[in-house]
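Heads up: the sequence lines are chains A and B, in that order. For the first sequence, position 50 matches number 50 in UniProt numbering, and the numbering has no gaps at all. For the second sequence, position 93 matches number 93 in UniProt numbering, and the numbering has no gaps at all.
No wet-lab data here; the hints were simulated from the structure. Just so we're clear, the structure is a prediction, and the values are computed from it rather than from any experiment. Some hints here could point you the wrong way.
Said to hold, decoys possible - With a cut-off of at most 30 Å between alpha-carbon atoms, the simulated BS3-like pairs for lysine-lysine come out as follows:
(1) B:72 / A:213
(2) B:388 / A:73
(3) B:76 / A:73
(4) B:97 / A:73
(5) A:213 / B:77
(6) A:213 / B:388
(7) B:317 / B:9
(8) A:213 / B:76
What the hints assert, rightly or not - Far from chain A, some chain B residues (derived; all Cβ distances over 10 Å):
(9) 20
(10) 113
(11) 119
(12) 142
(13) 147
(14) 297
(15) 322
For every residue, glycine included, the Cβ atom is placed at its ideal position computed from N, Cα and C.
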Amino acid sequence: MTNREHMSGHDDRQALWLTLGIGVLAGVVGYSVFQATGRNHVAHRPEDDAPARSTRRGGPARAVTGRTVTIAKPRAELYAFWRDAANLPRFMSSVGSATTTGDVTQWQLKGPAGMPLTLETRIIEHRDGELLVWRSTPDSQIEAAGRVTFRDAPAGRGTEVEAQIAYVPPLGEAGRLVAKLFQSDPSIQGRRELKRFKMLMETGEIATSRNQKS
Amino acid sequence: MRALTWHGKHDVRVDTHPDPEIINPRDAIIEVTSTAICGSDLHLYDGVIPGLLSGDILGHEFMGRVVEVGPKSTLKKGQRVVVPFTISCGQCFFCQKQQFSACDNSNPAEKQDMTETLYGHAVGGLFGYSHLTGGYPGGQAEYVRVPYSDVGPIIIPDGLDDDQVLFLSDILPTGWMGAANCDIEPGDTVAVWGCGPVGLFAIQSALLMGAGKVIAIDEYPNRLALARRLGAEVIDFKRTHVLEALMEMSGGLGPDAVIDAVGMESHGFAPDTVMDNIKQTIGMGADSAHALREAILAVRKGGRVSIPGVYGGFLDKFPLGAMMEKGLQIRTGQTHVQKYHEELLRRIGEGEIDTTFLISHRLPLEDAARGYKNFRYNQNEWTKVILKPGTEVTA
Ligand SMILES: NC(=O)c1ccc[n+]([C@@H]2O[C@H](COP(=O)([O-])OP(=O)(O)OC[C@H]3O[C@@H](n4cnc5c(N)ncnc54)[C@H](O)[C@@H]3O)[C@@H](O)[C@H]2O)c1
Ligand SMILES: [Zn+2]
Ligand SMILES: [Zn+2]
Chain A
1 MTNREHMSGH DDRQALWLTL GIGVLAGVVG YSVFQATGRN HVAHRPEDDA PARSTRRGGP
61 ARAVTGRTVT IAKPRAELYA FWRDAANLPR FMSSVGSATT TGDVTQWQLK GPAGMPLTLE
121 TRIIEHRDGE LLVWRSTPDS QIEAAGRVTF RDAPAGRGTE VEAQIAYVPP LGEAGRLVAK
181 LFQSDPSIQG RRELKRFKML METGEIATSR NQKS
Chain B
1 MRALTWHGKH DVRVDTHPDP EIINPRDAII EVTSTAICGS DLHLYDGVIP GLLSGDILGH
61 EFMGRVVEVG PKSTLKKGQR VVVPFTISCG QCFFCQKQQF SACDNSNPAE KQDMTETLYG
121 HAVGGLFGYS HLTGGYPGGQ AEYVRVPYSD VGPIIIPDGL DDDQVLFLSD ILPTGWMGAA
181 NCDIEPGDTV AVWGCGPVGL FAIQSALLMG AGKVIAIDEY PNRLALARRL GAEVIDFKRT
241 HVLEALMEMS GGLGPDAVID AVGMESHGFA PDTVMDNIKQ TIGMGADSAH ALREAILAVR
301 KGGRVSIPGV YGGFLDKFPL GAMMEKGLQI RTGQTHVQKY HEELLRRIGE GEIDTTFLIS
361 HRLPLEDAAR GYKNFRYNQN EWTKVILKPG TEVTA
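Pulled out of the complex, with its shape left as it was, chain A reads as follows:
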């Protein structure tokens, strides 16, 4: 199935997914934030160049989360590692296992309070060394979409890896609160997992202050 067919499908996730398109999202959530002082008042704020997820809070809560890290390794090496789903549980602590058949990957996730969840995803777009986009299949227990981009960092600093996830919390808004309480909220998890990815790629291991194996 081509990307185009997929993007024009009619389901609820479509709207959510579209918001991940960087330019589009800026338009959707470009609500005005008024200055508290009232002086030098700006009624309409033109879009700036920041990613839309860093918009000041106050608008509708968004289940879109993302993060960028710079990793001192070449793009191709990072991409190849991430492309192999079997590698992902090594740095994604919320993923128990990931098995791939063709374009489809089955994820066993550790949800809030250890609650097991499965996620089934399909790669819907990829460009070697640059981009990976996936979304959940209709059979998946969780609805989510993700996008990982790999860009050369300036001044020979390696690669900027940006990961974005859009998701529908399993039990709606309440589920998100519970997840946050148990620190398995995707924005917290995602941030930590990206850091672990960086550790693993740069140092060959994942930092821990534990003193005992178990």
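Starting from the known structure of chain A, arrange chain B with the ligands on it as the hints suggest.
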């Protein structure tokens, strides 16, 4: 194993813990032969650094013998090493820039949230220094698990004994970097607040870097005497008005550079200290910074301010106006220990730097709590304490 354990404010004890194991491929296990109590440990002892948990093992200045290595360690069993208190991977952007204490990888991911919120960025890992810096078990213990052992520890050649090299772990490079951050020009006058171990090494370093005059400030006669022995002129702040004296002693110009080697528990009688202490006591996260404020007022226009002293929270009444209007430059940070290792080891070997003059007490590890108490409350006599695991307590 036995290890000095934090149980709460002013409550440290030597307890029994499980021996550390190799967890990551680059780890090594060190059997500690010497470890010291640092002024930074006093901030933990006094409960003014957040993020410690009861049961945490303290200590970040230590050395010993390699007893076990992971498959990716380059150390060999039996080697004698000094371990930097800063845990650094050697491969991230910061380590490559030699800003080792800013290492991006050494603080475990799940511990980074706290400082990311508090400081805007997650800080690097440190041994025995609260969960903000990783919650790594510390070096006032019989054994320590040392991550990234292929890049951190410095191998000590035979012929140098523990006392001579132990401080390579922390206070010697800290004093050195404190002076280096002053960008000393030949003949400069440098004023140093605090004649604790860090201040004393900063004095020695500033003179080696070409300062014409170093003025040392403290209240304890013994510590001032050590400073004088190194070649500094001294000011007793209980006896003398520091700002006036510094102006007079620097030809009315003010010192070219100033070093705050006191940190967040500065003493003083001024109202600012009283307010700082009240806020610190009731947990408002305010640091006490009398010495730093004084240093900023004292330094000449266009001068340099170096802050090796540790701060953890927020500061009231910071003389920002003086800083801006006088055009000052400020440099600070946890020490990039690994950056200075080789040079300092060489200078010790060549007899250029004296590292033993400040050691006042050597105690068995079992006696560590007594060491803390005295290093805290008898600062005049207790200038530096070394703890020796495996030795007997004598009455
Ligand atoms: N940047 C780093 O990486 C690093 C490393 C080690 C230690 N430190 C910090 O350096 C500081 C000093 O460490 P130390 O081991 O020498 O501690 P210390 O407690 O032995 O010495 C502090 C000295 O400051 C003096 N002092 C207090 N108030 C003063 C004032 N108003 N004016 C002048 N002197 C005053 C005290 O009398 C004492 O002698 C601490 O804050 C410690 O945490 C920083
Ligand atoms: Zn220290
Ligand atoms: Zn690093």
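Hints numbered earlier in the text: which of these fail when held up against the supplied structure?
2, 9, 10, 13
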